[in-house]
Amino acid sequence: MPDSSLFAENLLDARDRQLLEQVQLGLPICSRPYSAIGDNIDMPEAEVIERLTRLKQQGLIKRMGVIVKHQQLGYRANAMIVWNVPDDLIKQLGGHISRFSFVTLCYQRPRQPEWPYNLYCMIHGKDKVTVLAQLDQLNNACGLLNFEREILFSRRCFKQRGALYQSKPWALAHG
Amino acid sequence: MLTPLHKQLLNDFQRDFPLSPTPYRDIAEAIGVSEADVLSALSDLNANNFISRIGPIIPPNHIGVSTLVAMAVPEAQLQAVADKISAYPEINHNYEREHRFNLWFVAIASDAAHLNAVITAIEQECGYRCLQLPLLDDFFIDLGFKLDMSHA
Numbered sequence: 001m002p003d004s005s006l007f008a009e010n011l012l013d014a015r016d017r018q019l020l021e022q023v024q025l026g027l028p029i030c031s032r033p034y035s036a037i038g039d040n041i042d043m044p045e046a047e048v049i050e051r052l053t054r055l056k057q058q059g060l061i062k063r064m065g066v067i068v069k070h071q072q073l074g075y076r077a078n079a080m081i082v083w084n085v086p087d088d089l090i091k092q093l094g095g096h097i098s099r100f101s102f103v104t105l106c107y108q109r110p111r112q113p114e115w116p117y118n119l120y121c122m123i124h125g126k127d128k129v130t131v132l133a134q135l136d137q138l139n140n141a142c143g144l145l146n147f148e149r150e151i152l153f154s155r156r157c158f159k160q161r162g163a164l165y166q167s168k169p170w171a172l173a174h175g
Numbered sequence: 176m177l178t179p180l181h182k183q184l185l186n187d188f189q190r191d192f193p194l195s196p197t198p199y200r201d202i203a204e205a206i207g208v209s210e211a212d213v214l215s216a217l218s219d220l221n222a223n224n225f226i227s228r229i230g231p232i233i234p235p236n237h238i239g240v241s242t243l244v245a246m247a248v249p250e251a252q253l254q255a256v257a258d259k260i261s262a263y264p265e266i267n268h269n270y271e272r273e274h275r276f277n278l279w280f281v282a283i284a285s286d287a288a289h290l291n292a293v294i295t296a297i298e299q300e301c302g303y304r305c306l307q308l309p310l311l312d313d314f315f316i317d318l319g320f321k322l323d324m325s326h327a
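As given, the protein sequences belong to chains A and B, one line each in that order.
With my numbering applied, the first sequence closes on residue 175, and no number is skipped along the way.
With my numbering applied, the second sequence closes on residue 327, and no number is skipped along the way.
Think of the hints as simulated: they come from the structure by calculation, not from any bench.
Among the hints, erroneous ones may be present.
[Claimed, not checked] Dumping the calculated DSS-like pairs for lysine-lysine here, alpha-carbon to alpha-carbon at most 30 Å:
| hint | chain 1 | residue 1 | chain 2 | residue 2 |
| --- | --- | --- | --- | --- |
| 1 | A | K56 | B | K259 |
| 2 | B | K321 | A | K69 |
| 3 | A | K91 | B | K182 |
| 4 | A | K126 | B | K321 |
| 5 | B | K259 | A | K69 |
| 6 | B | K321 | B | K182 |
| 7 | A | K69 | A | K159 |
| 8 | A | K56 | B | K321 |
| 9 | A | K62 | A | K159 |
[What the hints assert, rightly or not] Some but not every residue of chain A turned toward chain B, in silico, with C-beta under 10 Å:
| hint | residue |
| --- | --- |
| 10 | P33 |
| 11 | M64 |
| 12 | R156 |
[Said to hold, decoys possible] Pulled from the structure, derived: some chain A residues nowhere near chain B, Cβ distances all over 12 Å:
| hint | residue |
| --- | --- |
| 13 | I41 |
| 14 | D42 |
| 15 | A46 |
| 16 | P86 |
| 17 | D136 |
| 18 | N139 |
| 19 | F147 |
Quick caveat, the model's predicted, so the values are computed rather than measured.
Here a beta-carbon is modelled for each residue, glycine too, at the ideal position from N, C-alpha and C.
Isolated chain B, as found in the complex:
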């Protein structure tokens, strides 16, 4: 069960997390609780899998090169193909979507040659073509995600 403190920590500190020696104490002071309360509430959220971590979001293609890839795979083979692709360390996201192109994954590598080698290896191993959809422009200013937790 999420307390008001949990909800406040989830909603209000997705960006501009304090870059000071004692960030959790700064947050505690800002919302009028003790540092121990903040540490304990964040530990709860972490233990219950409500947060993936506290840290930075890095924009795509600023470090290394990456591409989104779409693949059309017969339903019966989808799990097996997905497992082969997930086994590559260069793959981070790998999702099924409701479409003829039903497998969507993101490949990231240190440079373009490495990325091409990974895509070629995946095509050869799986036997399906990779539709490469690298990012050209990012319109989104990521300010975090405003949660509606009225029923949470």
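Only chain A is shown next, with the shape it has when bound in the complex:
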């Protein structure tokens, strides 16, 4: 696990956690949503806003806003693409891949026996043909053509939720 996780744990106090649990469930659609959130955990509106502002500045909130459902909006093809790239090039390649607007995630993960890949990206597209064309574009522009790779389209979704672990419903970008 990255060291930053321990560091981040220390930046959060118990009230931050309570607040994140609440706001994670979704901001109510009403005139004073932060006041409504605060009412649930006995926290004044001003403190809710102040804490959320700090959490965002600290990077513990990556972004705050409308979370769209790709599938429902016509983005029905979801592909995970994996490459086996040299470790010393991975930061540079990951940075380059992330700049394409159709890329929705880009991660490094460890290689494993029977699984030689270390660089991952996710593309949400309207259909498979579009996604494959976008992948061609990516492979050409980033110089990825010579690396071993696979594309894994998603089929059935068995479970997806923002609410996660026990009473701590964190919406992670993607574990």
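Following the hints, position chain B against chain A.
Coordinates of chain B only, in the frame set by chain A:
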């Protein structure tokens, strides 16, 4: 049917949502409609399942520990195995993908010991090995997703 207001709300407010006492009024003022219009349009989007929620995205491994897991399961048993795995509260995403490793899920727990216990329990219950692929580095700056809604 999505109106121009719906599309604008979907595209332009995925990040930097106002952290002010009246965020929806601020959005309304920024785009030149009434607060009631914004509240009603967002309620429509929510009711029609176009948005999952309005809220924060938290980067992985900053709170709790998590891992992506891949499993190779014979097709005939896939649904049954997937159902067993989905039943664990520590599992959030659980997908079928087109590959020999055909089941992909994310496990999250409060600490490494808890995470290991969950992975071990899943392996024992399902009888297939878990390929653990925890995140090492995140290259992506999540600025939201630019939607092409020319035909939406």
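Comparing the hints with the structure gives:
1. A:K56 to B:K259: violated (36 Å)
2. B:K321 to A:K69: holds (12 Å)
3. A:K91 to B:K182: The hint is violated at about 34 Å.
4. A:K126 to B:K321: With Cα atoms ~13 Å apart, K126 (chain A) and K321 (chain B) stay inside 30 Å; holds.
5. B:K259 to A:K69: holds (26 Å)
6. B:K321 to B:K182: Roughly 11 Å separates the two Cα atoms, so the pair holds.
7. A:K69 to A:K159: Holds, because 14 Å separates the two Cα atoms, which is no more than 30 Å.
8. A:K56 to B:K321: holds (21 Å)
9. A:K62 to A:K159: holds (23 Å)
10. P33: For P33 (chain A), the interface hint holds, since the closest Cβ of chain B sits about 7 Å away, which is under 10 Å.
11. M64: holds (5 Å)
12. R156: holds (4 Å)
13. I41: holds (15 Å)
14. D42: holds (18 Å)
15. A46: Given that some Cβ of chain B is not farther than 12 Å from that of A46 (chain A), nearest at about 8 Å, it is violated.
16. P86: Given a closest Cβ separation of 14 Å, the condition holds.
17. D136: Per Cβ check, D136 (chain A) is outside 12 Å of chain B; nearest 18 Å; holds.
18. N139: holds (16 Å)
19. F147: Check passes; 16 Å lies beyond 12 Å.
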